[in-house]
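Novice: As a plain string of letters, each chain reads:
2 protein chains.
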Amino acid sequence: MKQRLARLRSILDSLGLGYMLVTKIENVRYLSGFGGSSAVGLVTPTDSILFTDGRYKKQAPAQASGWEIRVYTRSVFREIAGALPAGERFGFEVTCSFDFHKKLSVEVDQGRLEPLDSIVEGLRATKDAEEIELIRAALGCAGAGFEAIRTMVTAGSSERNIAAELNYRMTLAGADGPAFDTIVSSGPNSALPHAPLTDRPLSEGDLVVVDFGAKRDGYLSDTTRTFLLPGADARAREAFEVVSGALEEVLGSLKPGAKASDVDALANEYIAKAGFAEHLSHSLGHGVGLEIHEKPTLSTISTDVLEPGMVFTIEPGVYIEGLGGVRIEELVLMTQRGPEVLSADIRV
Amino acid sequence: MKQRLARLRSILDSLGLGYMLVTKIENVRYLSGFGGSSAVGLVTPTDSILFTDGRYKKQAPAQASGWEIRVYTRSVFREIAGALPAGERFGFEVTCSFDFHKKLSVEVDQGRLEPLDSIVEGLRATKDAEEIELIRAALGCAGAGFEAIRTMVTAGSSERNIAAELNYRMTLAGADGPAFDTIVSSGPNSALPHAPLTDRPLSEGDLVVVDFGAKRDGYLSDTTRTFLLPGADARAREAFEVVSGALEEVLGSLKPGAKASDVDALANEYIAKAGFAEHLSHSLGHGVGLEIHEKPTLSTISTDVLEPGMVFTIEPGVYIEGLGGVRIEELVLMTQRGPEVLSADIRV
Chain S
1 MKQRLARLRS ILDSLGLGYM LVTKIENVRY LSGFGGSSAV GLVTPTDSIL FTDGRYKKQA
61 PAQASGWEIR VYTRSVFREI AGALPAGERF GFEVTCSFDF HKKLSVEVDQ GRLEPLDSIV
121 EGLRATKDAE EIELIRAALG CAGAGFEAIR TMVTAGSSER NIAAELNYRM TLAGADGPAF
181 DTIVSSGPNS ALPHAPLTDR PLSEGDLVVV DFGAKRDGYL SDTTRTFLLP GADARAREAF
241 EVVSGALEEV LGSLKPGAKA SDVDALANEY IAKAGFAEHL SHSLGHGVGL EIHEKPTLST
301 ISTDVLEPGM VFTIEPGVYI EGLGGVRIEE LVLMTQRGPE VLSADIRV
Chain G
1 MKQRLARLRS ILDSLGLGYM LVTKIENVRY LSGFGGSSAV GLVTPTDSIL FTDGRYKKQA
61 PAQASGWEIR VYTRSVFREI AGALPAGERF GFEVTCSFDF HKKLSVEVDQ GRLEPLDSIV
121 EGLRATKDAE EIELIRAALG CAGAGFEAIR TMVTAGSSER NIAAELNYRM TLAGADGPAF
181 DTIVSSGPNS ALPHAPLTDR PLSEGDLVVV DFGAKRDGYL SDTTRTFLLP GADARAREAF
241 EVVSGALEEV LGSLKPGAKA SDVDALANEY IAKAGFAEHL SHSLGHGVGL EIHEKPTLST
301 ISTDVLEPGM VFTIEPGVYI EGLGGVRIEE LVLMTQRGPE VLSADIRV
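Going line by line, the protein sequences match chains S and G.
First residue of the first sequence: 1, per our numbering; consecutive thereafter.
First residue of the second sequence: 1, per our numbering; consecutive thereafter.
Rather than coming from a laboratory, the hints here were simulated on the basis of the structure.
Be aware that a few hints might be false.
Copies of the same chain are indistinguishable here, so a pair counts whether it falls within one copy or spans any two.
[As the list claims (entries may be wrong)] Distance condition first, Cα-Cα at most 30 Å in a straight line; then the derived DSS-like pairs of lysine-lysine:
1. Lys-102 - Lys-255
2. Lys-295 - Lys-24
3. Lys-102 - Lys-295
4. Lys-255 - Lys-58
5. Lys-103 - Lys-273
6. Lys-273 - Lys-58
7. Lys-295 - Lys-273
8. Lys-273 - Lys-2
9. Lys-102 - Lys-273
10. Lys-259 - Lys-57
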């Protein structure tokens, strides 16, 4: 955490700022270790202060070591204003709400407020060793959960029962809970990339998409596997082959320094060449860490570059109305030597 | 949904506005029925338009009936600007990010943007019949889950195993997942109101706080029960009695039209009189619906009034460092005749 604060201070310094308000809760966690749901951080040239409410008066000091904890009972804005030297300019995160900014402006002159875009998110885009271990640990829980449900994915099991069992096993394996609502979508339901859970029983020949992740110590994992149940027709098998092929193509060519938009284009071209262009519906991937979608973004309009230390998904998918969908999602760590597929052990 | 839109339009009308941008995803769901994670709604005097991304191109039309769906691939801001008649003023929600507002201001003149505070949240504070049924359904799943783990809460079981089982059973009973990270905190851990899950095995004499909720069709439940394991010392039993007493006192006096701050004060006074003032750490309750914390707020500084149709928690608690905590949380529906305790069937 100390190193993270030091990196942040050096960026602030280069921007001519001494002070920064951190409002995004994942950024607060990244810098302080505080794992609660509500707090604002203030980083000063020499100190770091965490403003939180009474629910966390014991938890905050235990988790945010090195931070001064101030429990507020009324206006956090007044507390913040009180902690800032008169006249000092300070940065705030543009992800804060319009309302937060407005209320803060009542307490401190708006001219002192400097909007900062993706500063801490930028630091978070490349993971340090501790973070990579935490993501591996979350992924380990997810993998253990998946291993326990693999054989359940057969005709007759319901989407809901499979998801319930997967969440259960992930938690027993050490997860604090699922990283997001687990998706188990079968047959035609799987044509929706983010299908809601239903009680539909799986049936012969179904495509079954299982998109799942574990949360542990704040860090998340994200992986998808698609099952092709016995009896699947030729079109479903073809879709499966195309997506597998696109994934292989991308992983085979991925190098540190690659432009995220080029990587996205490579997958799209592969899938389009195979005749499935109209069945694409989402971009290729996204960073994963304290948030399920964070930097980098692998999409047509992304300006991100894939650098060593980044952890992101590669998740080509095609979705055919009436028939179903195929998505295969690996969680990848970019290294100096190329991609390491962190989720390689999770096998259908 | 049509009635909700009509109520919104009548408020907008009274504000002299024809158009409103809805950015908070729960507000989008409330008005349209869309259950995905990303969309912006635009309500016009005659139409309603949903801007979303490719992941939802099939799901959005299926869920948001009566809404025109526009799938954007590049800038949602340009899409929005394109849908607004030239020069027309329109409202936006102050919960949107500073950044969203700034980017929107690039596309449309800032003078056309009218900040709106808690308009849809205000509608959502009193639930309609359909919403109350959905909350009851979520609570039903939670209750079924709790019933299945009641006998597990004994010395030897671990916090994690109980939480895993509870989540599992809630999901099997029909939940899409837990409404929030289930809390099972035992012994000294329970002195933290929002304790993270651990592998600690419960031991004799522990206070065990189980705070849980189910999510179903977007709606949430929220309930807490505290177990007093055999062998608990006098201080723990006293804390339990005080919290139970405070809860009873509040429920006995709750009437439609009550000021939320008065209700909060009543509980605090009861607990203070019993000598536990220093062990209070959070406010008395909060509304529950599409969000786990929504209007009304039952706290010292709340200006809310408890009206028929509101669904909220009453959750007095005391937290004693080293010993543990007691919190009992009921989910209450205010009716014309007084409070209905929706969670009454969930018994330790």
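Novice: Hint by hint, say whether it matches the structure.
Specialist: Hint check results:
no., hint, result
1, Lys-102 - Lys-255, "neither (44 Å within a copy, 35 Å between copies)"
2, Lys-295 - Lys-24, "both (14 Å within a copy, 22 Å between copies)"
3, Lys-102 - Lys-295, "both (27 Å within a copy, 21 Å between copies)"
4, Lys-255 - Lys-58, "neither (45 Å within a copy, 34 Å between copies)"
5, Lys-103 - Lys-273, "neither (53 Å within a copy, 36 Å between copies)"
6, Lys-273 - Lys-58, "between (58 Å within a copy, 23 Å between copies)"
7, Lys-295 - Lys-273, "within (29 Å within a copy, 52 Å between copies)"
8, Lys-273 - Lys-2, "neither (49 Å within a copy, 44 Å between copies)"
9, Lys-102 - Lys-273, "neither (51 Å within a copy, 40 Å between copies)"
10, Lys-259 - Lys-57, "between (44 Å within a copy, 27 Å between copies)"
When held up to the earlier numbered hints, the structure conflicts with 1, 4, 5, 8, 9 and fits the remainder.
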